[in-house]
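A.B. asks: Chain by chain, the residues:
2 protein chains.
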Amino acid sequence: MGIQERKQREQEELRAKILDAAREMFASEGYDAVTMRKIAEKIEYSPTAIYLHFRDKETLIRELCNHDFLELAKKFQAMGGSIEDPLERLAAAGQAYFEFGVEHPHHYRLMFMIKSPAKPEDFSCMRGNPEEDAYAFLLDAVNDCISAGLFRPEIADAELVAQTCWAAIHGVVSLHIAKGDDEWVEWRPLEKRFSVMMEAVVRGLMRTPDGDGG
Amino acid sequence: MGIQERKQREQEELRAKILDAAREMFASEGYDAVTMRKIAEKIEYSPTAIYLHFRDKETLIRELCNHDFLELAKKFQAMGGSIEDPLERLAAAGQAYFEFGVEHPHHYRLMFMIKSPAKPEDFSCMRGNPEEDAYAFLLDAVNDCISAGLFRPEIADAELVAQTCWAAIHGVVSLHIAKGDDEWVEWRPLEKRFSVMMEAVVRGLMRTPDGDGG
DNA sequence: TCACCCAACTTAACACTGTTAAGTTAATGG
DNA sequence: CCATTAACTTAACAGTGTTAAGTTGGGTGA
Chain S
5 MGIQERKQRE QEELRAKILD AAREMFASEG YDAVTMRKIA EKIEYSPTAI
55 YLHFRDKETL IRELCNHDFL ELAKKFQAMG GSIEDPLERL AAAGQAYFEF
105 GVEHPHHYRL MFMIKSPAKP EDFSCMRGNP EEDAYAFLLD AVNDCISAGL
155 FRPEIADAEL VAQTCWAAIH GVVSLHIAKG DDEWVEWRPL EKRFSVMMEA
205 VVRGLMRTPD GDGG
Chain X
5 MGIQERKQRE QEELRAKILD AAREMFASEG YDAVTMRKIA EKIEYSPTAI
55 YLHFRDKETL IRELCNHDFL ELAKKFQAMG GSIEDPLERL AAAGQAYFEF
105 GVEHPHHYRL MFMIKSPAKP EDFSCMRGNP EEDAYAFLLD AVNDCISAGL
155 FRPEIADAEL VAQTCWAAIH GVVSLHIAKG DDEWVEWRPL EKRFSVMMEA
205 VVRGLMRTPD GDGG
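From first to last, the protein sequence lines are chains S and X. Going by the numbering used here, the first residue of the first sequence is number 5, and it counts up by one from there. Going by the numbering used here, the first residue of the second sequence is number 5, and it counts up by one from there.
Do not rely on the hints blindly, as some may be mistaken.
If several chains are the same, the list does not tell them apart, and a pair holds so long as it fits within one copy or across any two.
Within a straight-line C-alpha distance of at most 25 Å, the following computed DSS-like cross-link-like pairs (lysine-lysine) qualify [to be verified]:
id, residue 1, residue 2
1, LYS196, LYS119
2, LYS119, LYS61
3, LYS78, LYS183
4, LYS11, LYS183
In case anyone wonders, no lab produced these hints; they're calculated from the structure. No experiment lies behind these values; they were computed from the predicted model shown.
Generate the whole structure from the sequences, applying the supplied hints.
C.D. replies: In structure tokens, the structure reads:
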């Protein structure tokens, strides 16, 4: 049955070729700049050939980005996975998230700035597992902060806190992506906006102001 | 010259009709759902008639939203314009911004979640005037907070603080709009997410934790 | 070996989109 | 009353994502 295998291998190669072509265009120019016909031209197939491997454009691009959800989780793990101190781990997650967004604005846009019909079951990675789910990583860190008594007593709902931390950094990143070169505002350096946000939110949640001078 | 006047009046009426038709569709279904042909059908003109009043679709929809930038500034003024206490005024601005975003998600999306080529000179309202420029309103409140010595001494750059406050609330609003019904996350109530964010950021900026128990 | 078959792929088209060049029409000023 | 012209329409272009129908070439059973 070597023929079957070869055929399947060829299929997967073409599939990968499509994804590669799409990824390159998408990463540098965004969703609208990727057209089925341009992908087809690039891989030297007809546009319809793509539909033999992907249901539609949405699905194709979404697969690129689902892959990146896992990448994000890996980045969290790499930058903060081995940090014991929960607050430092939380900060590392924030830094990882920030860097990811700044480095991959188009992916970030599709992942976090656009309403998508994707359901959890569309994703391959394990939900709730901090090594594959960035949100779970964040939730873990927050939970550990609460358990360690670092936050004020009224700050006890880990989901709520995680969603707030996420929103804070997302605010900086998404505002940068959407309005970063808007001349209406005299933007301060992006890194400063990030660090001030990070500091303010953490300080706002903490039981005692840390006097060690950050 | 009564005829000239009548003609101009008729032009403006049609222009208004176009905007009204577009507004209704846009507010309820968003940018893509508004097509030139649908507008045309609604107002019982040909699609090309629209181009006699607007350069292109982008310009048309943009005009709707520019109008809303002024509305936002008015809302800031209405909800916080007469508040003396700068911190309360800042909180009122946050509340106004939050409500605006939740009530007009499509407008919000175009105003703050999409990269637009619009330049400051495209806008009719006065930049820097708190009564017409919501960002100026925010900046004013932050400046007054700093002058009143409410913030920690290292928190002295009003622009930086304003951009951080903006990003914080924008994070809550935009995450709600983009991922509000994403089942991956067990979302806490939107109002709670907003109030926790507001409290955390303000507390994080302030010199002394307010002990009056919010 | 050879006809058949079927899977992979292409061609051509559909139904949309925003936009524009060219043509029509009706009201106005002379 | 006629020529002009501004306002508007028709028809088309160049795109888009998507699909029904047709081609073709390699694998397979006889």
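A.B. asks: For which of the previously enumerated hints does the structure constitute a violation, in increasing order of number?
C.D. replies: 4
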